[in-house]
Amino acid sequence: MTIYIEMLPLEQVRWIILNMVYILSLRNIVIGLKSVYSLGEEKNN
27 MTIYIEMLPL EQVRWIILNM VYILSLRNIV IGLKSVYSLG EEKNN
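The opening residue of the sequence shown carries number 27 in the numbering used here; numbering runs sequentially from there.
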């Protein structure tokens, strides 16, 4: 993993890390919304 990072330019590494963080946070938000939605459905039923 370290070899790949050394080969890549710093800007590209930053961009990849930012994208990974963004995707992970989006996934967490979606999971949170789904859990809230399912809880709401259970309460309605």
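Treat the hints loosely; a few may be bogus.
Per label pair, the in silico range of CB-to-CB distance [what the hints assert, rightly or not]: (1) L65 - M33: 44 to 50 Å; (2) V39 - K69: 32 to 38 Å; (3) K69 - M33: 49 to 55 Å.
Since the hints were made in silico from the structure, they are not lab data. Since the structure is predicted, the reported quantities are computational estimates derived from the model, not experimental observations. Just so it is clear, CB atoms sit at the ideal spot from N, CA and C, and this is done for glycine as well.
Structure-based check of all given hints:
1. L65 - M33: 44 to 50 Å: For L65 and M33 the Cβ distance comes to about 46 Å; the hint holds.
2. V39 - K69: 32 to 38 Å: violated, 45 Å
3. K69 - M33: 49 to 55 Å: Between K69 and M33, where Cβ atoms are some 53 Å apart, the hint holds.
In summary, the structure is inconsistent with hint 2 from the numbered list given earlier, while agreeing with all the others.
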